[in-house]
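Residue numbers (our numbering), protein chains in the order written: chain E, 2 to 325; chain D, 7 to 133; chain H, -4 to 202.
Hints are computed from structural coordinates only; laboratory data are not their basis. Note that the coordinates shown come from a computational prediction; the quantities given were computed from them, not determined experimentally. Worth double-checking, as some hints may not be accurate.
As the list claims (entries may be wrong) - Just a few of them, taken from the derived set where beta-carbon distance is under 8 Å, the chain D residues facing chain H:
(1) K23
(2) M27
(3) N68
(4) M72
(5) S94
(6) A95
(7) N96
(8) Q98
(9) A100
(10) K115
Note that CB positions come from ideal geometry on N, CA and C, so glycine has one too.
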Amino acid sequence: MSTAVVPRFRAEDVLDQLHGGLIMLDAGLHILLWNAWVARHSRVPADQALDARFEHVFDERVSPALLRAIDNTLGYGLPAVLSSALHRAPLPLYPDHGAAQAAGALAAPARMVQSVVLTPLDSPEGERLCLIQISDASNSVRREKMLQSHSDVLKRQVGTDGLTGIHNRRHFDEHYAQTLRRVGQSGGTLSLFMVDVDFFKQYNDHYGHGPGDQVLKRVAAALQGQLQRPGDLLARYGGEEFILLMEGLSHRQAAEVAEALRETVYALAEPHAKSLVAHRVTISVGVCTRAVQEGMDGRLLMSAADAALYRAKLGGRNKVVATD
Amino acid sequence: MASNDSGKTLLIVDDSKVSRMVIKANVLAVHPDWQVMEAGTGEEAIALVEQSVPDYCTMDINMPGMLGTDAAAQILQAHPSVRIAIFSANIQEAVQTRAQQLGALFVAKPVTEKSIGQALLHFRGPL
Amino acid sequence: MSILNEIERDALTEIFNVGAGRAAQSLSEIVGDEVRLSVPSVEVLRSGAIDEQVLPRTRGRFATVSQNFDGPFDAEAVLLFTEDRALSIVRDMMGSQMSLDELAEFEREAMCELGNIILNACLSAMADMLEISLNSSLPQYLVSSPDDISARLASAQGDESYVLVLHIDLVIEKHQTDGHLIFLLSSSSLHALVEHVQRYLGKIGLA
Chain E
2 MSTAVVPRFR AEDVLDQLHG GLIMLDAGLH ILLWNAWVAR HSRVPADQAL
52 DARFEHVFDE RVSPALLRAI DNTLGYGLPA VLSSALHRAP LPLYPDHGAA
102 QAAGALAAPA RMVQSVVLTP LDSPEGERLC LIQISDASNS VRREKMLQSH
152 SDVLKRQVGT DGLTGIHNRR HFDEHYAQTL RRVGQSGGTL SLFMVDVDFF
202 KQYNDHYGHG PGDQVLKRVA AALQGQLQRP GDLLARYGGE EFILLMEGLS
252 HRQAAEVAEA LRETVYALAE PHAKSLVAHR VTISVGVCTR AVQEGMDGRL
302 LMSAADAALY RAKLGGRNKV VATD
Chain D
7 MASNDSGKTL LIVDDSKVSR MVIKANVLAV HPDWQVMEAG TGEEAIALVE
57 QSVPDYCTMD INMPGMLGTD AAAQILQAHP SVRIAIFSAN IQEAVQTRAQ
107 QLGALFVAKP VTEKSIGQAL LHFRGPL
Chain H
-4 MSILNEIERD ALTEIFNVGA GRAAQSLSEI VGDEVRLSVP SVEVLRSGAI
46 DEQVLPRTRG RFATVSQNFD GPFDAEAVLL FTEDRALSIV RDMMGSQMSL
96 DELAEFEREA MCELGNIILN ACLSAMADML EISLNSSLPQ YLVSSPDDIS
146 ARLASAQGDE SYVLVLHIDL VIEKHQTDGH LIFLLSSSSL HALVEHVQRY
196 LGKIGLA
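Let the hints inform the model, and build the full structure from the sequences given.
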């Protein structure tokens, strides 16, 4: 060893001062490094995190996409990025306390918007490790505007002149979780509607994908027109699937809303030569209404609504099935 | 156990010549007495099956013309005794589910000794 | 002149299609809907010949994501789409109905990730099938004019340079897009790659 210069600072201090997160994992996903930024924003202190398994160190779920990317980086030694644009918040990290919350006092804090980079590293022993770098991507003005307009949608009355656009599945999942927590604390019911456009594949095959897209837009607009109150949430859940969430309805009211949804799409009178139920575009709707308990598993409500949708399809389509 | 496994016919369907040869080489290494037929598209496969029904079939999915899953469905409808293993680079859930619904085995590419082994197990059926 | 014979080209196409399948699966999990990605063809060209084949005389610019990798051979891998197609891919991936202006904000990040997913999937398929190990840099996103790209390709590896060109076909949310994936390599790297392909074919009794 040469007469190396003795460093006048410690590397660990630099890591802990870093304005960004650093986590290091070994091939078994054990945590080898957990800097102060990560400890602060995850609320998991370093002494608890070190040597723990990454998937188990948090109270909440880590995104499966992140776990898969880590596997790939460890397995193939290739660096990866998880952009905030496509993933928003793969880790359960939160902004510092004191950040202004949205007007709803019971609203659960939203995760920090993150940009994540994974890089492979070889240890001096030749072991492959994965370094995770996290930065806070919440800063841009545009992004603020986008998030703001989405939260406005949750709060304001919906008119027939349209919104900024309906949400996608990812946004729905996040808002669903927040709504469950909030309604679980305050009490009340949630109705979850699963909507599927009937014979949509046949529509695309017959009329083409362009017209298919237009029909989906018109169906979305029709469904949107039925949203009434703050807290009503509509999202596109899959190719031809939509999902709606409404609070404070009774079982009977939810069934009526579902029927109104079905009717409003039927009234579009969109010709559909290949539909086996009517010569127009129709939807099937399954809805489940339940009183929300604190800590209730949202997937149960979803699978009940899904089962109801399935029964609507089996029952001939262009149909509503309501359950509790 | 080997006696009811000899002299079988296998139809390999894939638009990639290399892929067909990899599968053929791997299968013949285990069962050198089997007869192997090849087809480069779903349509060709269906035509070949009409002439002579194979015992087993491997099927790719993304090929020019008809999708492999559709070709498999047609073959199984006409000849439900054929055992099909779908070998594909297309590994999305929807595709795997469709394969399973047809009663076919799904194996992700690349074709390796191990994945061929899985297909052979499916062909022989439960012992 | 053809550097690769038909069987070698078929083998590479197969390798890249395995990569495309993996990339499509990752993308479909992000988008929440089926994504189809395939590599219909692979060819090797002298880098000078790339203009007519890959850079059609469009007035628009190109969106590119590139990664440098090394191992048994070195190359720069570049994923190319026309700029307006890149924006509509980003919109399809983000799944909401934002305006094109708002999308431009996220274009760089989302395209970096898209490119990273596709490039990594191809590299991992090469690693698995050719039994090699590759290192790569992080993705870089750049929007350039066709002339800038030509210049970049020409200067990349000097005179004796080749380009492995993959035509790719991407379908997201029922919108179809084509693009190209280009590997820029020196002649020695190309020969190393071909040797590995021949070794792979040799193992299965084809070379």
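Numbered hints the structure breaks, given as an ascending list: 4
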